[in-house]
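Protein chains in written order, with this note's numbering: chain H, 1 to 317; chain X, 1 to 365; chain E, 1 to 282.
Incorrect hints may have been included.
To be verified - From the structure, some residues in chain X lie toward chain E, with a derived Cβ separation under 10 Å:
#1 120
#2 144
#3 156
#4 158
#5 205
#6 299
#7 303
#8 324
#9 339
#10 344
In short, the hints are calculated from the structure, not lab data.
Computed from a predicted structure; not experimentally measured.
Using N, Cα and C, we set each Cβ at its ideal position, and we do this for glycine too.
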Amino acid sequence: MSLLAVEDLTVTYPGGRRPAVKGVSLEIESGRTLAVVGESGSGKTTLALALAGLLDRRARRHASRLEINGEDLLAAGRRRWRQLRRTDISFIFQSPINSWNPTRTMIAQVRDAMSAAGHAGRMPELMDLLARVGFEDPERRLADLPHQLSGGMLQRVSIAVAVIIEPALLIADEPTSALDSTVQSEILAILGELRSEADLAMLIISHDLSVVARVADDVMVLYGGKVVEQGARAAVLGSAVHPYTRGLLDSVPRLDGDRKILLPSMEPGHLPASGCPFAPRCRLVVDDCRRVEPDLIPINDTLAACPPAASSALITT
Amino acid sequence: MTQGRYPEVTGPAPGLRFGAGRLARFAKGVVWLLVVVLVAVSITFALSRIVPADPARLAAGLEAGPEQVERVRQDMGLDDPVMVQYVRYITGLVRGDFGDSIRTRGPILDDVVEALPASIELIVVSFTIFAALGILAGAAWAYWPRGVHAVLLRVVAVAGSAVPVFWVGLLLQIFLAARPDWFPLVARLDFPVAGNLNHEAAGIAEVTGAGLLDALIARSPSAMWEAARVLFLPVMTIVIHNIALTIALTRSSLADQLDREYVRAARARGLSEWRVVVVDALRNALNPVVTMLGLQLGWLLGGVVIVEVIFSWPGIGLYAFSSFQSFDYNAIMAITVLATAGFVLVNALVGQIYPLLDPRIKEAR
Amino acid sequence: MTVAELPAAPEAASRTRKAGRGVMWWSVATVAVLAALVLIPGLLAPADPYKLDIINRFTPPNAGNLFGTDDSGRDILSRVIHGARYSIGSAVLIITVAALVGTIYGSLAAWYGGILDRLLMRTVDVFLAFPYLVFAMAVAASMGRGLTSTIVALSLLWWPSYARMIRGQVKSILNDYHIRAAITLGARRGQILRWHVIPHTYNQLLVRFTLDIGNALVALTGLAFLGLGATPPLPEWGRMVADSKQFALLAWWYAVFPGIVIFVTVLNFVLLGEALRKRSTS
Ligand SMILES: Nc1ncnc2c1ncn2[C@@H]1O[C@H](COP(=O)(O)OP(=O)(O)OP(=O)(O)O)[C@@H](O)[C@H]1O
Ligand SMILES: [Mg+2]
């Protein structure tokens, strides 16, 4: 049974012309990692927040199913969500420096988190874990204020605090985007290692396909709040059919060749009111794309929301 | 709002902001205090030279003949060159001598010391109430931005700062004190004895001069009740006017903090709302509020005049007013100097609070 | 996008925008009425504000005297109308002087920078540390009572806050690259300040000016209440409230109506100022 099961999740912010997340369904099993990719503003963070009950009070959420560990959370209140975040769900944020209160020492905030989760007595264990993830001399360095530590250091603390509660679901929202590349791969390595030890379900968000290639089992591509393609990692990275996914893959710079196609750039936020959100930038666009929103259909090895791609795939195979 | 009438909210007095060590900072603070006071003294002294009323004439009394007035003039040193008088005044100040009051004929310092407890009582009680209530209300407004209370608080925040203090005081007197006779109309009738409470009538000893405190010392509940009753209207007048700014600033500052990512991160770690909102966000939000409260406290030192006059509250403000009425320029000068010094001092003290709220400041120094 | 810069929902946004415009129009209309009171009180007032009528003293509000009459039987409404000239007029005068002096002072400090800047701004800090009520008393005591000495005292205390605001603004504008270019190209200092820098401060200056007229009115009427300001029989608003004090129990309307007028006037300038601020920042 899936640890996390979501069906038809839609999130709307007040003032948003269209939902930030629209009709997303996903499942993650324990021990597996789902990567969500998409460009800025595609709704990745919104999706992640919705799964941890952390959405803005002003945001409206609808879903036909939302289950963690088999528990129906559609009607869960703030209290229940908080309880879940103490015991079952952990969250790692994109910007390490912004995830900590700038005016309190790290140790005070870490203690707060530990006692909130009911693990006040496990501080020594946390210190060990910190040392393990490369945070040297934790007793002394934690006495510092957040801005006195580097982003990589702060993110190590975030990770340690996130995994020490042994969550069933770990959500990481671009955990490495704010870090430079060497630190980035260290952090990814740590995450991968901890995940395989802990047998937890992980949702990792990224706009960086190399990150996805390293950690994901499954991949989901968001565009304009909608899933445009999803499937196993090898299938999505290897034989994606949706023109947006293809564009993403093709625009990754490679050492062995030049970029093939660049996505036609577009002002962010200018999504069409109806039809396929990608239509204005799409090279396969046909009239229907502007009228009906395409559903996910199996094409080759993935699910993709692009009927024109389906027909061209049929022709080529 | 009120900020226009007053200097903007700017943080600790500039002299206190930089500097190497604690000592250097302290020294700079003292120098700054002295400079400000010296300028205040000089300006008021210069002004005193153009006083239309003849101080000697006033001091000698109405019955005095020309020779008597002349003698008084010589006694007061008013015949000496201006510079000599200026230096004499400054050296007097250094020795803690503010000169004699023309009106009460005693040393001004004695009058001030006598009037001070009543003012301090009024200021401290009002300040505590509007600071605490204002922060509470502003925080509640930021956390629950919608609802009836939000509408009410918006009205209080806008109207409170626009309503003239003297008018509020007067209305409170007319509609609360005078009609149903709930509250004493004026603080006490046996002015000019110091203290806001009629100690004799309440049957307690006068120790500090501040009624509430004396009643506390005497452990007399009835006197305490009486002191509180006496305090109620003047305090309310000050609170109504000053709470507006506290509410508005706390709200906007906390709302800003609540939108920060660290708040969401703290929630993600499962922290209770109390911890997230009060321990983390509110503490950070208080920084500008404390600055503003410091300035307000400073202004109150001079600003209680109106309230004290309305309620015949026998404090420094009323003393200043009476001195003004009787052209007692010495006394006005003294109070200007003292109130200025008080303002600078209060702000210097407030400067000591910042590092407690935001440890980054301490480190930056 | 941070939540702080959240655009409100389209409907909500247009609702607040409409409400904002409503407030704006309301305040502009009221300011126009107030201006009329200042300029042509004679045409608007129903009665002579100075005419004594001892027999009809303390008449409660009625059809003939909407605001009632005072201790000398004068029509309070007429006095309030004629008083606008003294109260609002003085407030405008104070703030105009303060803004002018402050603007020149502040832009000079910002332009020259360095030691001069520090010196000038320290002076400003000194002035800002003066308690305004007590200081105004000192000025009034030496210059004699009357509207003039109060106006002088308040202007003297008010310009520093403008100096500080303008200095901050000019400093940041001077750092703008097109100004730097102009300086590098050798444009004359006065010209740059006058034509390229000062105009950029107008927006904030206007907001501040509007808010401060309300603030000055509060300060002015407060001082008048203490007897520092207009002398009888001038119908200055604060003075009227002060005069009403001894009859407060006898004639509530005497205190209530002039006070309401002060309150509403100040409120209007505050609302107008806030509306202008919103408009200039959005
Ligand atoms: N609190 C909010 N209120 C209103 N709109 C929001 C809010 N947060 C996000 N949005 C909007 O929702 C859409 C999706 O935003 P989201 O942050 O989920 O995107 P993202 O994929 O995480 O982007 P990024 O890569 O930049 O983090 C965007 O159009 C954004 O402007
Ligand atoms: Mg994001």
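These are the hints, each one checked on the structure:
no. : hint : verdict
1   : 120  : violated, 15 Å
2   : 144  : violated, 16 Å
3   : 156  : violated, 13 Å
4   : 158  : holds, 6 Å
5   : 205  : violated, 32 Å
6   : 299  : holds, 7 Å
7   : 303  : holds, 6 Å
8   : 324  : holds, 5 Å
9   : 339  : holds, 4 Å
10  : 344  : holds, 5 Å
The structure fails hints 1, 2, 3, 5 (numbered hints given earlier, in ascending order).
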